[in-house]
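Trainee: So you can see what is in the structure, the chains are spelled out below.
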Amino acid sequence: MGKEMRIVLRNADKIDPNSIDDYIKAGGYRALEKARGMERKALIEEVKKANLRGRGGAGFNAGMKWSFVPPAEVTYVVCNLDEGEPGTYKDRTIVQKDPHTLLEGMAICAHAINSKKGFIYCRGEYPYVVEHLNRAIDQARKKGVLGDFDIEVRMGGGAYVCGEETALIESIEGHRGEPRFKPPFPGVAGLWNRPTVVNNVETFANLPEIINRGYEWFASIGAPSYPGTKVLTLSGDVVNRVAIEVPTNTTIREVIYDFGGGIRDGKKFKAVQIGGTSGGFIPESLLDTPIDFDSMRDIGATLGTGAVFVMDETRDIVDIVTRIAKFFEHESCGKCNPCREGTFRNFKIMTKINRGMAAAQDIENMTLLCKVMQKACLCGLGQAAPGPIVTTLQHFRHEYERKLLA
Amino acid sequence: MANFRDIIGAFKDKPGGIIEAYHALQKEYNYIPKGAVAEAARVFGISEAQAYGVATFYSYLATEPRGKYIIRICESAPCHIAGADQVIKAFERHLGIKIGETTPDGKFTLEFAECVGQCQETPVVTINSVPYVGITPEDVPAVLDKCR
Ligand SMILES: Cc1cc2nc3c(=O)[nH]c(=O)nc-3n(C[C@H](O)[C@H](O)[C@H](O)COP(=O)(O)O)c2cc1C
Ligand code: FES
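Residue numbers (my numbering), protein chains in the order written: chain A, 80 to 485; chain B, 107 to 254.
I should point out that these hints are in silico values taken from the structure, not numbers from a laboratory.
Glycine included, C-beta positions come from ideal geometry on N, C-alpha and C.
A couple of the hints might just be wrong.
If you want the footprint, here are the derived chain B segments under chain A, 3+ residues with CB under 8 Å [unchecked claim]:
#, stretch
1, 114 to 124
2, 140 to 151
3, 226 to 240
Using the sequences plus the hints, can you model the full thing?
Mentor: In structure tokens, the structure reads:
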């Protein structure tokens, strides 16, 4: 059986998360000191060569992202703690167990892009995490470990789309959380039009150990194209519903059976959806795929946030996908047509199928609509929303056909 | 009770602080009271329509009165398969209201929620944002008792 490897969660359950002294005793804030002794260019190069790719879903090389930031008077570091993908609780876990790892990671990024001000955008569902973070920031200020870099926590209001980086920026600015057209990308013109780096909690939390141990160490862990570990959160019909951190060459089967302890109540496996509610559904035949970003994409699925939602043999796929379609209909911000209308129609058609009132033509219409959405929607919400429908039609079509009118 | 002008005023120097001001208002009143939107527009130098647009965009912000205890029931897929529907029905039965409504005594409001990030033990409900995990219909009376 494979073993967990803890980089991001290295201090979890070992130190008191409310004590900065504990964190410092465990070697905390040493990486920041080291980073501050480095030339900005060299620091960015180090992160780039580590090939640390974004853990928030898009998988973009973090060092590369930082390198796009032009020299400027004012720049911002923004941490995405919106964690809106259903089935995901990793960022909450990381921050609750070791908040200073995040703060140190943000401060390292701040040095790289010469920023004096950081924001953590925390979802409105987690007011207790906001309090926890404010406590940690207070301690860090008092100790003076952050130097002239300051961090402020802002709370969202329960809108999934605000996890999209430009919608998030709009929200920090005090606006409706509607995505912007890109380009320009936030790295060039983000928060209040200043160059802004937006990274996920887990991305930042990887930085202290990368700086401590060097890029070669990190780049050699797990899958070469997406090295390091990934924090996964298990939910659904799996025995152990926990957060785990594993090297990225771990297979889905190992995740479910070794770490997850298999299916509950002695039942059989039917499907797993990885990456959150916009992720693809994966059948038994593909379980030997490694979880890394590219391997998942190759099977038409996603690593996404690392949510692992397991369904046993008794589960009704069409009913679950109908529920997911309702999620997207509700969360579409309405700014672009293909998403606003598309998520609405998809939910209608899925409901019709689920109630046994649909004909084969409805599936054809929905398939066409999904294609349009994947190409024409403004942001990732609408582009990814068809994923569950498309992948279940591919792997579990018989479950749809069973519900069609004769 | 603090005056809503003072609550909003405390955020006037925070760039983009209108959402933080709305959160602070809700902490005091459980919703954004009448007149506060116009005041926020004035303080943050935007039109009333824009301030209202912000208040209504976010599902956690409300411009209508709500109960003292806001009960949200997660119905995202992991909670859905764990029986969230039954939990919703149990709350509706015990409180005598439908989801989306507030009890006549102004004590409880029932709302749908999407994933609240506690999917390790489903189904999940939150009461004024405090999560209660692994809730069955049988647990509902005991959970409600905590609000008395
Ligand atoms: C609809 C939508 C929701 C998103 N939600 C999140 C989220 O909750 N957390 C997150 O880190 N990234 C989220 N993202 C991705 C962000 O746009 C962005 O790519 C990410 O924050 C970049 O950080 P990373 O490179 O460190 O992953 C979302 C994207 C879309 C389109
Ligand atoms: S799915 Fe209900 S809490 Fe995450």
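Trainee: Decide, hint by hint, whether the structure agrees.
Mentor: Okay, the hints, checked on the actual structure:
Three residues within the 8 Å Cβ limit are the bar, and the stretch 114 to 124 of chain B against chain A gives 4, so the coverage statement holds. Residues of the stretch 140 to 151 of chain B with a Cβ under 8 Å from some Cβ of chain A number 1, which does not satisfy the need for three, so the listed coverage is violated. Residue count for the stretch 226 to 240 of chain B with a Cβ under 8 Å from a Cβ of chain A: 6. That meets the three needed, and the coverage hint holds.
Checked against the numbered hints given earlier, this structure breaks only hint 2.
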